[in-house]
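Visitor: So the sequence shown is numbered by full-length UniProt numbering: it starts at 1 and just counts up by one.
Some hints could be false.
[To be verified] Cβ-Cβ distance ranges computed for the label pairs, FRET-style: (1) Met215 / Arg246: 44 to 50 Å; (2) Met184 / Ser352: 32 to 38 Å; (3) Lys290 / Gly310: 49 to 55 Å; (4) Pro376 / His415: 29 to 35 Å.
[Unchecked claim] Listed next, the in silico DMTMM-like pairs over lysine to aspartate or glutamate satisfying Cα-Cα at most 20 Å (straight line): (5) Lys324 / Glu280; (6) Lys328 / Asp341; (7) Lys290 / Glu272; (8) Lys163 / Glu196; (9) Lys383 / Asp395; (10) Lys324 / Glu278; (11) Lys234 / Asp162; (12) Lys367 / Asp245; (13) Lys328 / Glu399; (14) Lys367 / Asp341; (15) Lys234 / Asp168; (16) Lys383 / Asp162; (17) Lys367 / Glu355; (18) Lys234 / Glu280; (19) Lys197 / Asp168; (20) Lys367 / Glu252; (21) Lys367 / Glu322; (22) Lys311 / Glu272; (23) Lys163 / Asp192; (24) Lys346 / Glu252.
Just so you know, these hints were derived from the structure itself, not from any lab.
No residue lacks a Cβ here, since even glycine has one placed at the ideal position from N, Cα and C.
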Amino acid sequence: MQKQCCLHCTTSVLIIVIIILQRSLLLKEALLLHKLWCLIFQLLLPTATQYTSKALSNWPLTMNLCLCPHPSVKITELNLTADLSFQPTAGLLFEVHNSSITVNFQRRILYWFLRVYDFVATFLTTGMRFILNQQICPSLNHAALVLINQLLETIPVRAEVDKYVGIDYSLLSDPVVTGTSLDMDFRGMFYDLQNEKDTLVNYAVNPVVREYDRMIYLALSEYFFDSGLYSYFKGGVFRMHISNDRMPKDLEMLLRTTYFGAIMMLNPALMEAPISLELEVTSAPTSTIKTSGASVAVHSGVRVLALPPGKAPVQLSSMTMESKFNAKVSMRGKRLSIHLDLRRFKIFSNQSALESLALIPLQAPLKTMLQITVVPLINNYTKRGVRIPLPDGIDFIEEVVEYHNGYIIVGANLHFRSGLKELIERKQAGESDNADEH
Numbered sequence: 001m002q003k004q005c006c007l008h009c010t011t012s013v014l015i016i017v018i019i020i021l022q023r024s025l026l027l028k029e030a031l032l033l034h035k036l037w038c039l040i041f042q043l044l045l046p047t048a049t050q051y052t053s054k055a056l057s058n059w060p061l062t063m064n065l066c067l068c069p070h071p072s073v074k075i076t077e078l079n080l081t082a083d084l085s086f087q088p089t090a091g092l093l094f095e096v097h098n099s100s101i102t103v104n105f106q107r108r109i110l111y112w113f114l115r116v117y118d119f120v121a122t123f124l125t126t127g128m129r130f131i132l133n134q135q136i137c138p139s140l141n142h143a144a145l146v147l148i149n150q151l152l153e154t155i156p157v158r159a160e161v162d163k164y165v166g167i168d169y170s171l172l173s174d175p176v177v178t179g180t181s182l183d184m185d186f187r188g189m190f191y192d193l194q195n196e197k198d199t200l201v202n203y204a205v206n207p208v209v210r211e212y213d214r215m216i217y218l219a220l221s222e223y224f225f226d227s228g229l230y231s232y233f234k235g236g237v238f239r240m241h242i243s244n245d246r247m248p249k250d251l252e253m254l255l256r257t258t259y260f261g262a263i264m265m266l267n268p269a270l271m272e273a274p275i276s277l278e279l280e281v282t283s284a285p286t287s288t289i290k291t292s293g294a295s296v297a298v299h300s301g302v303r304v305l306a307l308p309p310g311k312a313p314v315q316l317s318s319m320t321m322e323s324k325f326n327a328k329v330s331m332r333g334k335r336l337s338i339h340l341d342l343r344r345f346k347i348f349s350n351q352s353a354l355e356s357l358a359l360i361p362l363q364a365p366l367k368t369m370l371q372i373t374v375v376p377l378i379n380n381y382t383k384r385g386v387r388i389p390l391p392d393g394i395d396f397i398e399e400v401v402e403y404h405n406g407y408i409i410v411g412a413n414l415h416f417r418s419g420l421k422e423l424i425e426r427k428q429a430g431e432s433d434n435a436d437e438h
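Kindly produce the complete structure, drawing on both the sequences and the hints.
Guide: In structure tokens:
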């Protein structure tokens, strides 16, 4: 009631000013003040509910109120001070602390009642600040706390990559807001679906981003790749049996010739039995990232077996294989993929140094077999990639991959396949972004 009384008293003062202006033949200025006060009255009166929260959520930062051909009122500046934080139970929090608004009157011809404009501007500023605090700020809070968090829920924080491993993109700390960026630290860790607690300890260096030419930079340390290799190793994926049609005929003939003596000593009847190779990675592969590129080192055990029909396989020999692959990282859409290329290969016997010398002729054929048979299978699997933490409807474009000592930085711009409003509406309607999974 006190607020309404104050409004009525101020209205009487303005009515007197309007009468004086009319008698001074300043009709345009009088009408302007009258219309401005009507606007203030509508803004301040609690019962004037025409400005709903939905409309105020879209209130422009610059607004022109053209009341007659020449005079105009323009909100020239609107400052909001906000904090951005993260809470595991609530998500991303957006809080507006204070605000300021500046109103300037502009007119081509200045009259003696310029101070009257300033007087009205004070009330208009007060009314706009009231609207800002009572309507706009709650609307911004709703948009930031509810709508944006609904969009962030589409980010795969912890999801299955395939039937063997999953990935954890949980946020490690509150986002850090600077004058040029918004920095967010994700865990970026793979885990075995059969034993999620068996994870690799992180000893990798922390990536450092010093560039700001693109909209977003994704920094991946060696731990990101090592945890994936470790999880697949624990899941028993790195095993392969090469025999029959998958065994190159020239390699089978070379193996049969190399182990002719062993076959004759074990059982001469095995001479006609098919020869096979059994490969198994003996320890988790490790990645190395340098400015020259990325590589993956793999240590494997190889068994040479004879497969007599209807009988158990007979081991002819066992050897150790050390190989090193070049790894090329690429980004497409929102999926990170890796392409491997065999760079170095070496085998040696587990029995004796003399047998290792006898294996030298097998080096080139085995390397060719790996390049033709094994590497294409791996690349066909890894080209599907793993999804990075981006909301639905947003993709990477114009990607650039940079290699540093201990980490990789992927810089890119963002492409919105639809507007932010449409993305939120789709999320509210329960629609999923199936295009991201293909």
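Visitor: Which of the listed hints are not met by the structure?
Guide: Hints 2 and 7 are the ones this structure does not satisfy, whereas the remaining hints hold.
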